[in-house]
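There are 2 protein chains.
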Amino acid sequence: MGSHSIYTSQVEEVFVKFLSSELIGRHGTLVASLGNTSISVTTKDVMGGVIQDWLFTWMKQSEFDVTANPNTQMPPDFYLAESTPFEVKTFYCKAKPAFDLANFSAYIRDLLMHPTRLDDDHLIFSYDIGRDYWSIENIWLRKIWEMSGPSITNHIELQAKQGSAVNLRPKNFISPNSNTFKSRLEFINSISDAMDKFSQYPEGFSSGFSWLEEVKVRYQEATGCVL
Amino acid sequence: MGSHSIYTSQVEEVFVKFLSSELIGRHGTLVASLGNTSISVTTKDVMGGVIQDWLFTWMKQSEFDVTANPNTQMPPDFYLAESTPFEVKTFYCKAKPAFDLANFSAYIRDLLMHPTRLDDDHLIFSYDIGRDYWSIENIWLRKIWEMSGPSITNHIELQAKQGSAVNLRPKNFISPNSNTFKSRLEFINSISDAMDKFSQYPEGFSSGFSWLEEVKVRYQEATGCVL
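Just so you know, the protein sequences line up as chains A and B, in that order. Reading the first sequence from the start, the letters are residues 1 to 227 in the numbering used here. Reading the second sequence from the start, the letters are residues 228 to 454 in the numbering used here.
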């Protein structure tokens, strides 16, 4: 990849390469063996980890310059060319997207340090799984705010527990009727409203507005663009 | 199995059979293939699901009368002879046991309906995982109270979030020095203390003591034994 790439991002190049590889809908296998017992794994809750491991090797074989985040508990999942972070999300194709977009407290804190997380690409895979196969049924390329959306009760779609905002959660963004945000600004405005609703602020902040202004300033410093 | 079994429980028979099968420490494989890309899965977070799927087939092959709980989100994981519930837990062999024993709110509610959950057997597997193998390094047979233990801050070892008790968690019960409960009674006494500390009671109860008395009565009705 050089400066003349036709792609707007390196993650988009992965996305296009995957689409053109005719892997969508093809049946794969997942076999666990120990002693004389071999099984096809059919538990959905392993598929996120499996797809992430498989994708890493597929990207390497496809000659992408990809590295995995050594801290597997923290975002991002991967870097392209050591500098472009991106996230991988997965969900069962017969259900709605139901993964966590981000931990609320960590995200509002981290956005002050890394405002360009608003621009990070996400590859989202829907998978199917049967008695003796798994498959990738579809793939999407999205920013976080293109999967997030407004909520009447909480200002922004999120999971709350015992009166605290815990995780940002996706809208059903794969539906043509989904009510997702149209811009980064709508997204952080709604986060700011949720911070006020739950009285949850990063250290040093006491209003959603002051956090919002700070993120705007830092995003402009980092990118030269007004949010 | 008949009434003359040398085992105190059917789960113990599984435990002994596994130990005698020389599977401990043997290297197994976990391979995901799609298209031309085959990988050894190395993500620890898939191992719980993989071991559970593998174990189910191994028990069938070993001619145990095992059924999986159709509701995979709820305990127990399996039934033997359609009536003996048991749970499977897994943890990475180079770390301490770190799984959830039970959701606190659900457990204190369920113990009123199913007081014999105090007697349910758990098979616990520690696993290793490398670049191209996985293995089961050890196996234990335990009741829930044999993995639980006292906590100075919360009366019983548990995970609390935002001032609420969320999950019962294990002590490092595999260590000879672990401070686990010695009896079912110690276990439920400490749960009752935690209920008072967190003011978390099942519907219809307003003190740990009243819950405790009810569980004792119902356990005796169900088993004929005094707790």
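To be clear, the hints were calculated from the coordinates, so they are not data collected in a lab. A hint or two may mislead.
[As the list claims (entries may be wrong)] Calculated lysine-lysine pairs in the DSS-like style (CA-CA distance at most 27 Å, straight line):
no., chain 1, residue 1, chain 2, residue 2
1, B, Lys271, A, Lys60
2, A, Lys44, B, Lys287
3, A, Lys182, A, Lys143
4, B, Lys424, A, Lys161
5, A, Lys143, A, Lys17
6, B, Lys370, B, Lys409
7, B, Lys244, B, Lys424
8, A, Lys96, B, Lys370
9, B, Lys388, A, Lys161
10, A, Lys197, A, Lys161
11, B, Lys388, A, Lys197
12, A, Lys44, B, Lys443
13, A, Lys44, B, Lys424
14, A, Lys94, B, Lys271
15, A, Lys44, B, Lys323
16, A, Lys216, A, Lys96
17, A, Lys94, A, Lys44
[Claimed, not checked] So the derived list for chain A, only partly shown, Cβ under 10 Å to chain B, looks like this:
no., residue
18, Leu19
19, Leu30
20, Thr42
21, Asp45
22, Val46
23, Gln159
24, Asn167
25, Ser199
26, Tyr201
27, Pro202
28, Gly204
29, Ser206
[Said to hold, decoys possible] What follows is a list of derived Cβ distance ranges for each label pair:
no., chain 1, residue 1, chain 2, residue 2, range
30, A, Gly130, B, Ile366, 41 to 47 Å
31, B, Gln389, A, Ser38, 42 to 48 Å
32, B, Gln389, A, Val31, 57 to 63 Å
33, A, Lys182, B, Glu441, 52 to 58 Å
34, A, Asn177, B, Ser248, 37 to 43 Å
These numbers were taken from a predicted model, which means no experiment stands behind them. We treat Cβ as the ideally placed atom computed from N, Cα and C, and that holds for glycine.
For each hint, the structure was consulted:
| no. | hint | in the structure |
| --- | --- | --- |
| 1 | B:Lys271 x A:Lys60 | holds (21 Å) |
| 2 | A:Lys44 x B:Lys287 | holds (21 Å) |
| 3 | A:Lys182 x A:Lys143 | holds (11 Å) |
| 4 | B:Lys424 x A:Lys161 | holds (19 Å) |
| 5 | A:Lys143 x A:Lys17 | holds (19 Å) |
| 6 | B:Lys370 x B:Lys409 | holds (11 Å) |
| 7 | B:Lys244 x B:Lys424 | violated (43 Å) |
| 8 | A:Lys96 x B:Lys370 | violated (37 Å) |
| 9 | B:Lys388 x A:Lys161 | holds (9 Å) |
| 10 | A:Lys197 x A:Lys161 | holds (14 Å) |
| 11 | B:Lys388 x A:Lys197 | holds (19 Å) |
| 12 | A:Lys44 x B:Lys443 | violated (38 Å) |
| 13 | A:Lys44 x B:Lys424 | violated (37 Å) |
| 14 | A:Lys94 x B:Lys271 | holds (26 Å) |
| 15 | A:Lys44 x B:Lys323 | holds (26 Å) |
| 16 | A:Lys216 x A:Lys96 | violated (32 Å) |
| 17 | A:Lys94 x A:Lys44 | holds (11 Å) |
| 18 | Leu19 | violated (13 Å) |
| 19 | Leu30 | holds (5 Å) |
| 20 | Thr42 | holds (6 Å) |
| 21 | Asp45 | holds (5 Å) |
| 22 | Val46 | holds (4 Å) |
| 23 | Gln159 | violated (12 Å) |
| 24 | Asn167 | violated (12 Å) |
| 25 | Ser199 | violated (12 Å) |
| 26 | Tyr201 | violated (15 Å) |
| 27 | Pro202 | violated (17 Å) |
| 28 | Gly204 | violated (21 Å) |
| 29 | Ser206 | violated (19 Å) |
| 30 | A:Gly130 x B:Ile366: 41 to 47 Å | violated (30 Å) |
| 31 | B:Gln389 x A:Ser38: 42 to 48 Å | holds (45 Å) |
| 32 | B:Gln389 x A:Val31: 57 to 63 Å | violated (42 Å) |
| 33 | A:Lys182 x B:Glu441: 52 to 58 Å | holds (55 Å) |
| 34 | A:Asn177 x B:Ser248: 37 to 43 Å | violated (54 Å) |
Hints 7, 8, 12, 13, 16, 18, 23, 24, 25, 26, 27, 28, 29, 30, 32, 34, counting from the list given before, are not met by this structure.
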